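K.L.:
Protein chains in written order, with numbering that gives the first Met the number 0: chain D, 0 to 240; chain F, 0 to 240.
None of these hints come from the bench; they were simulated from the model.
Values in this document were obtained by computation on a predicted structure and should not be read as measured data.
Note that beta-carbon positions come from the ideal geometry of N, C-alpha and C, so glycine has one too.
Be aware that a few hints might be false.
Unchecked claim - Quick look at which bits of chain F chain D covers, simulated, 3 or more residues with Cβ under 8 Å:
#	segment
1	11-17
2	35-43
Unchecked claim - For lysine-lysine, the following DSS-like pairs were computed, each having C-alpha atoms within a straight-line distance of at most 30 Å:
#	chain 1	residue 1	chain 2	residue 2
3	F	Lys-238	F	Lys-173
4	F	Lys-16	F	Lys-83
5	F	Lys-16	D	Lys-168
6	F	Lys-238	D	Lys-16
7	F	Lys-151	D	Lys-16
8	D	Lys-200	F	Lys-151
9	D	Lys-173	D	Lys-238
10	D	Lys-238	F	Lys-16
11	D	Lys-151	F	Lys-200
2 protein chains.
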Amino acid sequence: MPTAGLLVIGNEILSGKVVDTNSPYLARELRSLGVDLQRILTIEDDIDLIARETRAMSDAYDFVFTSGGIGPTHDDLTMDGIAKAFGRDIVLNESMVARIERAQGKPPNESQRKMAMVPDGAALVDAGDLWFPVVIVENVHIFPGIPELLRKKFESIRERFRGIPFLLKRVYVKQRESEIAEHLNDLLTEFPELLLGSYPKVGEEAFHVLLTLESRDPGYLQQALEGLLARLPGDAIHKVE
Amino acid sequence: MPTAGLLVIGNEILSGKVVDTNSPYLARELRSLGVDLQRILTIEDDIDLIARETRAMSDAYDFVFTSGGIGPTHDDLTMDGIAKAFGRDIVLNESMVARIERAQGKPPNESQRKMAMVPDGAALVDAGDLWFPVVIVENVHIFPGIPELLRKKFESIRERFRGIPFLLKRVYVKQRESEIAEHLNDLLTEFPELLLGSYPKVGEEAFHVLLTLESRDPGYLQQALEGLLARLPGDAIHKVE
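If we strip away everything but chain D, and leave its shape as in the complex, we get (with noise of 0.2 Å):
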């Protein structure tokens, strides 16, 4: 199964003054993909601190992806801190010369020439019909903070990245979560590679908790299912779906 690494650079973020929707939306997608995003990691815009991550997320992990930090305002540090993780120099791509030429009819103006510069021997890969494509170097994924792009971006790459996705199924259960510990502890003892989750619900009338099942394996799902289910009094069930 194919690992991941999100790192998502942005004071803006640390400091509250914007909402990071970016980390869910691609937890839920590279879930969906079948891609195992083990670490999100959240860092102020500083060149060393975005190399030193960017290169341990790219040791560590098959796919890393990077949300924010590209632009052309003194906060966008993103590209060189990429550049340096990987001892490259940070070069005016002729390339995104070219299409912003091609976008806006006239060359571009200073600012939207940092916005062409990338570390030397990236990859641009066209994003649909946006003019600025995704830059990848080595196998991270340079991603805009601004959702409506990255999300774009990313659905038009999304297919290199599929592996063999989980199936899910989700239990609502009336018992409260310290009521059904042993029996979910006795689950796992039986059903050892079965992917447990319990999420108790505050505020909600009609469950206490909710409990997610997960495997590659819809045979084992299944057979671990109707373990937990045979576990369960009949009547602590709200649905299973």
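Here the structure of chain D is known, so what remains is to put chain F in place on it, guided by the hints.
P.N.:
Below, chain F without anything else, positioned relative to chain D:
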């Protein structure tokens, strides 16, 4: 200015099944208290990983907050991980047992006794009307993943963290980011202590970029604001707040 790190523990976030609303909440709260949140890290429920990352954050920041992984089920490993981070045993806390018994009028069952296991020498701080206190080990403040409970607990101890808050001005600009980027760089040359954010908005009619100006010094902030407004054409400003 006090610094902080936030460690989010939970497979359910990484697999996209649950959206992490605790991080945006704590980011906003800490900012308003004048605490500099420097890192948000989301990791899997794994004792060694929790131990390693907790220790690294504890060494690096004044305050550490953890979210998630406390409860009675198999995947609730935060207390074990934090005990390991500081080379402490995890022990049954008699005060926690007494609190549970007081809350429900009978002794805890086996699963509830698991919830009364905390790192040896942990401080317990009452959290409003909740029976479960805030558990603090060294500079690490252990919060539940359930948003309603996390908020109640944080509110009950938030004054412990207060520093000198930042003041904020927002300027909504009709021009595009690439048209004003050079003015912003000039502004930062004149006001190097200014925290300046620039956030393009897609799909907005009235403005294209939200600029944020921040400083702890009201006079400096006002001068920087005037410096910015003097640099931009008068008709470029949508509003200032």
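K.L.:
With reference to the structure, classify each hint as holding or not holding.
P.N.:
Right, here's what the structure says about each hint:
Coverage of the segment 11-17 of chain F by chain D holds [criterion: at least 3 residues with CB-CB distance below 8 Å; count 7]. Taking a C-beta to C-beta cut-off of 8 Å, the segment 35-43 of chain F contributes 8 residues in contact with chain D, enough for the three needed, and the coverage statement holds. For the given pair, Lys-238 (chain F) sits about 9 Å from Lys-173 (chain F) by alpha-carbon distance, which is consistent with the 30 Å threshold. With a C-alpha separation of about 28 Å, the suggested pair Lys-16 (chain F) and Lys-83 (chain F) falls inside the 30 Å cut-off, and the hint holds.
Taking the CA atoms of Lys-16 (chain F) and Lys-168 (chain D), the gap is about 12 Å. The hint holds against a cut of 30 Å. As the CA atoms of Lys-238 (chain F) and Lys-16 (chain D) are separated by approximately 18 Å, the hinted pair is consistent with the 30 Å bound. Only pairs whose Cα atoms come within 30 Å are accepted, and Lys-151 (chain F) paired with Lys-16 (chain D) is accepted, the gap being roughly 22 Å. Between Lys-200 (chain D) and Lys-151 (chain F), the direct Cα distance comes to roughly 15 Å. Compliance with the 30 Å bound is thereby established for this hinted pair.
Distance check on the hinted pair: Lys-173 (chain D) and Lys-238 (chain D) sit about 9 Å apart at the alpha-carbon level, within 30 Å; holds. Restraint check for Lys-238 (chain D) and Lys-16 (chain F): satisfied, since their Cα atoms lie roughly 18 Å apart, inside the 30 Å limit. A C-alpha spacing of about 15 Å is found between Lys-151 (chain D) and Lys-200 (chain F), which places the hinted pair at or below 30 Å, so the restraint holds.
The structure fails none of the hints (numbered hints given earlier).
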